[in-house]
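Protein chains in written order, with my numbering: chain U, 1 to 181; chain S, 1 to 282.
What the hints contain is simulated information worked out from the structure, not anything from laboratory work. None of these values were measured; they are calculated from a predicted model. Don't take each hint at face value.
Here are some of the chain U residues that sit facing chain S, going by a computed Cβ distance under 10 Å [unchecked claim]:
#1 R6
#2 T51
#3 D55
#4 A170
Backbone N, C-alpha and C fix where the C-beta goes; we use that ideal spot for every residue, glycine too.
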Amino acid sequence: MLGGDRDAFRRLVERESRSVVAACARILGDRVEAEDVAQEAFVIAYRSLGTWRADGPFGAWLARIAVRLAVRRAAQRKQVAWLDPLAAEADRPSEDRFRTGAAADATDPALAVMRVERDAQLRAAVAALEEPYREVVAMRFFAERSLAEIAAATDRPLGTVKTHLHRGLARLRRSLEESGR
Amino acid sequence: MSGRTPDWVARPFGPSELEGVAGLGPDDLAADAFVARELEALAGATGGGLSGDFVDRVMAAVVIEPSPAPARLAGRALRRGALGAFLASIGDAWRVTTRPGFPRAARAQAMALVLLAAGLVAGSGLAMAGALGLFQGERNGPSPHPSFVAPSQPAVAPLVEPSSSPEPSEPPESEAPAATPEEATEPTEAGGAQPTKSPSPHKTASPAATGDHHGGSGSGHQATPAPTGTPRPTEKDDDHSGPGGGGGGDDGEDDATPRPTETPTPTGTDSNSGSGSGSGDG
Numbered sequence: 001m002l003g004g005d006r007d008a009f010r011r012l013v014e015r016e017s018r019s020v021v022a023a024c025a026r027i028l029g030d031r032v033e034a035e036d037v038a039q040e041a042f043v044i045a046y047r048s049l050g051t052w053r054a055d056g057p058f059g060a061w062l063a064r065i066a067v068r069l070a071v072r073r074a075a076q077r078k079q080v081a082w083l084d085p086l087a088a089e090a091d092r093p094s095e096d097r098f099r100t101g102a103a104a105d106a107t108d109p110a111l112a113v114m115r116v117e118r119d120a121q122l123r124a125a126v127a128a129l130e131e132p133y134r135e136v137v138a139m140r141f142f143a144e145r146s147l148a149e150i151a152a153a154t155d156r157p158l159g160t161v162k163t164h165l166h167r168g169l170a171r172l173r174r175s176l177e178e179s180g181r
Numbered sequence: 001m002s003g004r005t006p007d008w009v010a011r012p013f014g015p016s017e018l019e020g021v022a023g024l025g026p027d028d029l030a031a032d033a034f035v036a037r038e039l040e041a042l043a044g045a046t047g048g049g050l051s052g053d054f055v056d057r058v059m060a061a062v063v064i065e066p067s068p069a070p071a072r073l074a075g076r077a078l079r080r081g082a083l084g085a086f087l088a089s090i091g092d093a094w095r096v097t098t099r100p101g102f103p104r105a106a107r108a109q110a111m112a113l114v115l116l117a118a119g120l121v122a123g124s125g126l127a128m129a130g131a132l133g134l135f136q137g138e139r140n141g142p143s144p145h146p147s148f149v150a151p152s153q154p155a156v157a158p159l160v161e162p163s164s165s166p167e168p169s170e171p172p173e174s175e176a177p178a179a180t181p182e183e184a185t186e187p188t189e190a191g192g193a194q195p196t197k198s199p200s201p202h203k204t205a206s207p208a209a210t211g212d213h214h215g216g217s218g219s220g221h222q223a224t225p226a227p228t229g230t231p232r233p234t235e236k237d238d239d240h241s242g243p244g245g246g247g248g249g250d251d252g253e254d255d256a257t258p259r260p261t262e263t264p265t266p267t268g269t270d271s272n273s274g275s276g277s278g279s280g281d282g
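Between the sequences and the hints, there should be enough to build the whole structure, so can you do that?
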């Protein structure tokens with residue numbers, strides 16, 4: 001696959017596409033735009049296969065590329081899109097809707113609006129974080145990677161990644177408190 | 001702020017993840033966990049729905065991309081002996097080198113492969129050009145000056161021409177050996193002319209001068225050119241005595257030869273003696 005075997009790369013795309021698109025959608029708040037960014041991330045990953053050191057999970061390396069692209073795209077458009085909660089729930093599989101319990105929020109328009117507003121604030125606060133805190137927070141909660149995987153993908157010590165996560169969460173809390181006033 | 005249940009998240013955040021961070025108290029951990037729940041709620045609200053043709057679209061975009069490791073493909077193609085794959089990898093390397101969006105490491109590898117291929121092509125081209133240049137040099141070198149190089153120094157001409165053939169500054173070098181035979185021919189002509197002129201006139205003139213001195217003394221020398229070829233003094237003395245111009249002859253012969261004065265003594269010449277005797281005492 002590292003030599004450019006496209007069949008092997010296709011299997012990799014099939015395996016990682018869902019998580020990559022989800023991470024991009026959590027950052028951007030728009031599923032169509034998230035798929036565009038995810039496609040660009042896969043192409044960039046294919047170009048950069050020769051540079052992958054294989055010292056960590058390929059999914060974490062790919063997620064880092066996707067998160068960076070999504071954050072850059074969000075910074076370019078200077079606005080955060082609002083998700084349509086009904087459309088989001090319609091796209092989600094039924095078992096996920098059962099697990100999340102979001103169906104109850106969807107039935108109550110007021111709750112749905114509050115949740116969308118809150119998600120928009122949270123997304124904007126993450127996008128406003130400084131590096132490397134933004135990257136660690138986004139990879140941990142949007143790409144759902146463990147701290148060990150983040151440490152391997154970013155080539156940083158695990159203790160440093162933990163410190164960055166703690167500082168990022170603290171700054172997020174302050175930012176949310178300020179915006180909630 | 002109200003926390004939300006994170007039970008739908010694949011990796012729920014736990015305070016144990018931040019163990020080891022210096023200066024973290026229980027309050028800090030609780031605050032971090034609260035924000036983490038908010039983020040997990042956002043992640044759970046944005047699920048992983050995916051359009052059906054997403055993979056096909058990604059692969060359609062990947063197919064038009066050059067190979068990410070053209071150097072590796074080139075080596076593999078060379079091992080298999082696949083010339084087409086090798087050329088394709090060279091093309092991929094060129095696209096990786098020239099197109100934007102590729103990482104530096106991949107671009108450096110591709111550029112190295114492109115430079116290597118360009119060097120091989122340039123080297124082979126120079127070798128071919130050198131071989132053709134040698135042939136052309138042998139053709140063009142002798143042709144402008146065939147008469148000079150061939151007869152004079154056939155061994156020197158081939159030594160000069162191979163080095164001079166690829167460079168344009170060689171024609172003057174090829175003319176230099178051609179000029180030397182011309183100069184060599186000129187002295188041969190001059191040497192041939194000198195010996196023909198020098199010997200005859202000077203040698204003939206010197207004995208004539210000696211005869212002039214003697215001829216001044218007597219008119220009989222002009223009538224006899226034969227003694228000019230013979231430098232013998234004895235024959236001259238006989239001639240002077242013969243004509244009878246004794247007084248003049250004696251004056252001119254005082255420094256040269258005393259013997260002619262002795263030669264009249266034989267008295268063979270009766271005319272001279274008879275004239276003298278008859279006039280005096282008879």
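To see whether the hints hold, each was checked on the structure:
1. Taking 10 Å as the C-beta contact cut-off toward chain S, the hint placing U:R6 at the interface holds, the least distance being around 6 Å.
2. The restraint placing U:T51 at the interface with chain S holds, with a minimum CB-CB distance near 5 Å, inside the 10 Å limit.
3. The interface hint given for U:D55 is broken, as the beta carbon of that residue sits about 15 Å from the closest beta carbon of chain S, more than 10 Å.
4. Using the Cβ-Cβ criterion of 10 Å, the hint placing U:A170 at the interface with chain S is satisfied: the shortest such distance is roughly 7 Å.
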